[in-house]
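Student: Here is what each chain is made of, one letter per residue.
Number of protein chains: 2
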Amino acid sequence: MARASRIGEFELIARYFAPLARGFAGAGNLKSDNAFLPADAKHDLVVKTDTVVAGVHFLADEDPRRAAAKALRVCLSDLAAGGATPFTYQLSLSLPKGWTERWVAGFARGLASDQRRYGIVLRGGDTVVAPGPLTITITAFGRVPRGRGLTRAGARAGDRLWVSGTIGDGALGLLAARGQIDSRFLEDRFRSPQPRVALGARLLGVASAAADVSDGLLADAGHIGEASRLAVVIERERVPLSRAARRAVEAAPRLWAHVLGGGDDYELVMAVPARKATALRATAHAVGVQVTEIGHFEAGHGVSLRVSGKPARVTHRGYVHF
Amino acid sequence: MARASRIGEFELIARYFAPLARGFAGAGNLKSDNAFLPADAKHDLVVKTDTVVAGVHFLADEDPRRAAAKALRVCLSDLAAGGATPFTYQLSLSLPKGWTERWVAGFARGLASDQRRYGIVLRGGDTVVAPGPLTITITAFGRVPRGRGLTRAGARAGDRLWVSGTIGDGALGLLAARGQIDSRFLEDRFRSPQPRVALGARLLGVASAAADVSDGLLADAGHIGEASRLAVVIERERVPLSRAARRAVEAAPRLWAHVLGGGDDYELVMAVPARKATALRATAHAVGVQVTEIGHFEAGHGVSLRVSGKPARVTHRGYVHF
Chain D
979 MARASRIGEF ELIARYFAPL ARGFAGAGNL KSDNAFLPAD AKHDLVVKTD TVVAGVHFLA
1039 DEDPRRAAAK ALRVCLSDLA AGGATPFTYQ LSLSLPKGWT ERWVAGFARG LASDQRRYGI
1099 VLRGGDTVVA PGPLTITITA FGRVPRGRGL TRAGARAGDR LWVSGTIGDG ALGLLAARGQ
1159 IDSRFLEDRF RSPQPRVALG ARLLGVASAA ADVSDGLLAD AGHIGEASRL AVVIERERVP
1219 LSRAARRAVE AAPRLWAHVL GGGDDYELVM AVPARKATAL RATAHAVGVQ VTEIGHFEAG
1279 HGVSLRVSGK PARVTHRGYV HF
Chain A
979 MARASRIGEF ELIARYFAPL ARGFAGAGNL KSDNAFLPAD AKHDLVVKTD TVVAGVHFLA
1039 DEDPRRAAAK ALRVCLSDLA AGGATPFTYQ LSLSLPKGWT ERWVAGFARG LASDQRRYGI
1099 VLRGGDTVVA PGPLTITITA FGRVPRGRGL TRAGARAGDR LWVSGTIGDG ALGLLAARGQ
1159 IDSRFLEDRF RSPQPRVALG ARLLGVASAA ADVSDGLLAD AGHIGEASRL AVVIERERVP
1219 LSRAARRAVE AAPRLWAHVL GGGDDYELVM AVPARKATAL RATAHAVGVQ VTEIGHFEAG
1279 HGVSLRVSGK PARVTHRGYV HF
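Protein sequences, first through last, are from chains D and A.
So the first sequence is numbered by the working numbering: it starts at 979 and just counts up by one.
So the second sequence is numbered by the working numbering: it starts at 979 and just counts up by one.
No lab work stands behind these hints: they were computed from the structure.
Note that the structure is a prediction, hence the values are computed from the model and not measured.
Heads up, a few of these hints could be off.
One copy or any two copies: either way a pair holds, since identical chains are not told apart in the list.
[What the hints assert, rightly or not] Straight line, CA to CA, 25 Å or less: simulated SDA-like cross-link-like pairs of lysine to any residue:
| id | residue 1 | residue 2 |
| --- | --- | --- |
| 1 | K1075 | R993 |
| 2 | K1254 | A1083 |
| 3 | K1288 | G1157 |
| 4 | K1254 | P1123 |
| 5 | K1254 | R1214 |
| 6 | K1075 | R1126 |
| 7 | K1075 | P1109 |
| 8 | K1075 | Q1268 |
| 9 | K1075 | E989 |
| 10 | K1075 | F1163 |
| 11 | K1075 | D1039 |
| 12 | K1020 | G1280 |
| 13 | K1075 | Y994 |
| 14 | K1075 | G986 |
| 15 | K1075 | A1032 |
| 16 | K1020 | A1032 |
| 17 | K1075 | V1099 |
| 18 | K1075 | A1252 |
| 19 | K1020 | P1123 |
| 20 | K1075 | A996 |
| 21 | K1075 | I991 |
| 22 | K1075 | L1037 |
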């Protein structure tokens, strides 16, 4: 929410920050969201940093437990896309001048609840009070078997494009939270994302590349295509929608732009070789997550959306960061 | 600067965040600034997160290169206190609404310069635009030989208390930056801290505990005493001052409170067994850093300051965080 031109962020990173990571294999020149570090002889450490700001990434008056969950989970979602099992995190909290102990107590309860849920524990951090909105930075740490972490760069031509769960609930949920759509289900999907942590760790040996749907399906599938130097084709009919999202787009077809471009779903988008389809279905079934094939990768570049088999114009590509 | 009651921060962490790290050896229950993770067979990873906010931790209109250096160096200073050699970092940047590309370019040049200076490289991060002041969170990573990282908890009764460099320049430098003292030297010491990275890595096998002087000499020496369950005695006459700081306290003795309690020096304060004094001097000489013995640890608790051999009242303990 309240993000302007996302070109801004990508260009900024490419122009000014990517050169600072040059020559460091584990950083993938910042094109991948995760950083990899050697851990022990058998594992790599997967590291992800995410910042969320009240009124920008979550509601300005969000319940502190939900704010804690949102901050942690957007980060765990990236680790899941890397195939990593999370185990610890660092927390930086910039509290607004008017912070209350009651708020902090609720925030800590939210963290404690998610620590149990995801098997993680706080390792360290920093707390400051500053003018401006509540700002939470999480650096989350996970482990993957050495050299096997998933990135956006491993897709091959012919791989199928799959997604977990349902797409569009996050962006429509933001509209619901703002009172523009009437759906408690969608609002909950925006305010309490469910990162696919259990599925992510089981994608090793199944998916060839993955990302989480944080910027929007078209953008995030596009990131895999770009990193893998391939074109992505998505068939809109196959994109899985929740009942509430289906109802919303049937009532107002312009909402398709939010569904495909709006982000904040925290589902996984995966490149999977055709021969691994059965393995993917079995592993997703084992952890109780729905997976759906929605397209494929082929030689070329860019993202194509097909509606009823015909190419559609993509006007709203990706969740706009700022 | 602009920090209120630091009790606030310590109590907040003890009450709400320390329980979230309970049972995790590497977190030291958040009493140590650094977190330790196993790296390879021979090393531990030392991890530190610090957040700095424009107008709170550095001047609101600070030069972007200096802002970059400040953010990185306060974090590297903690790694140095852990005896770690830094090698990479994650960057989270929350830009104010009115950010300019020129500012970001200068900021990136500052990071690049410090990357060369300290042999580190950016690994990943996040960039957002949000209302409120520029906020920079760095999570820095260093390595120490397995199990040998320094914490605040290793001091023994009889250990001598040493500091690197000169004390008080940071706090007096803030006054200089505000135009309350006329000294370019002091202003530079505040605006461009010089973390003792080379000395820190050489303290293994020499110091028994260490911290950096970020909260203030009395507070940070006190942190070592508290974590080691010992009393700390500091003799004010022996505290090394720069010529500019000496001049300032001679002109206005009330400035001693800033010198001893004001923080932002980013020097190291160390517990060193008496028999290691020669080794410490030799190693400090090798890296061109002055070290000075200023007191000792003994059975008991709390920090005592002695002025001309007599106990002094400590009214201003530590840099006030908020």
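Student: State for each hint whether it applies.
Tutor: Hint-by-hint comparison with the structure:
1. Taking the shortest alpha-carbon separations for K1075 and R993, only the inter-copy value of 19 Å comes in at or below 25 Å, while the best intra-copy value is 34 Å.
2. Proximity of K1254 to A1083 under the C-alpha cut-off of 25 Å is found in neither arrangement, the shortest distances being 46 Å within a copy and 45 Å between copies.
3. Proximity of K1288 and G1157 under a CA criterion of 25 Å is satisfied in neither setting, with 34 Å inside one chain copy and 68 Å between copies.
4. Within a single copy, K1254 and P1123 get their C-alpha atoms as close as 20 Å, which meets the 25 Å cut-off; across copies the closest is 42 Å, which misses it.
5. With identical chains, the CA atoms of K1254 and R1214 are at most 25 Å apart within one copy only, with a shortest distance of 22 Å there and 71 Å across copies.
6. For a Cα distance limit of 25 Å, the shortest separation of K1075 from R1126 qualifies neither inside one copy, at 44 Å, nor across copies, at 39 Å.
7. Taking the shortest Cα distances, K1075 and P1109 sit within 25 Å of each other both inside one copy (6 Å) and across copies (14 Å).
8. In this homomeric assembly, K1075 and Q1268 never come within 25 Å of each other (Cα to Cα): the closest approach is 43 Å inside a single copy and 40 Å across copies.
9. Proximity of K1075 and E989 under a CA criterion of 25 Å is satisfied inter-copy only: 17 Å between copies versus 33 Å inside one chain copy.
10. When the C-alpha separation of K1075 and F1163 is checked against a cutoff of 25 Å, the pair qualifies neither within a copy, at 33 Å, nor between copies, at 32 Å.
11. When the C-alpha separation of K1075 and D1039 is checked against a cutoff of 25 Å, the pair qualifies both within a copy, at 15 Å, and between copies, at 20 Å.
12. In the homo-oligomer, the alpha carbons of K1020 and G1280 never lie at most 25 Å apart, since the shortest distance is 36 Å inside one protomer and 45 Å across protomers.
13. In the homo-oligomer, the alpha carbons of K1075 and Y994 lie at most 25 Å apart only across protomers (18 Å), although the nearest pairing inside one protomer, at 32 Å, exceeds that limit.
14. In this assembly of identical chains, the alpha carbons of K1075 and G986 lie at most 25 Å apart only when taken from different copies (12 Å versus 29 Å within one copy).
15. With identical chains, the CA atoms of K1075 and A1032 are at most 25 Å apart both within one copy (14 Å) and between copies (14 Å).
16. For the identical chains of this complex, K1020 and A1032 are neighbours neither inside a copy (39 Å) nor across copies (42 Å), given an alpha-carbon limit of 25 Å.
17. Proximity of K1075 to V1099 under the C-alpha cut-off of 25 Å is found in neither arrangement, the shortest distances being 27 Å within a copy and 34 Å between copies.
18. Taking the shortest Cα distances, K1075 and A1252 never come within 25 Å of each other, neither inside one copy (54 Å) nor across copies (46 Å).
19. Taking the shortest Cα distances, K1020 and P1123 sit within 25 Å of each other both inside one copy (6 Å) and across copies (19 Å).
20. With identical chains, the CA atoms of K1075 and A996 are at most 25 Å apart between copies only, with a shortest distance of 22 Å across copies and 34 Å within one.
21. For the identical chains of this complex, K1075 and I991 are inter-copy neighbours only, at 17 Å across copies versus 30 Å inside a copy, given an alpha-carbon limit of 25 Å.
22. For a Cα distance limit of 25 Å, the shortest separation of K1075 from L1037 qualifies both inside one copy, at 18 Å, and across copies, at 18 Å.
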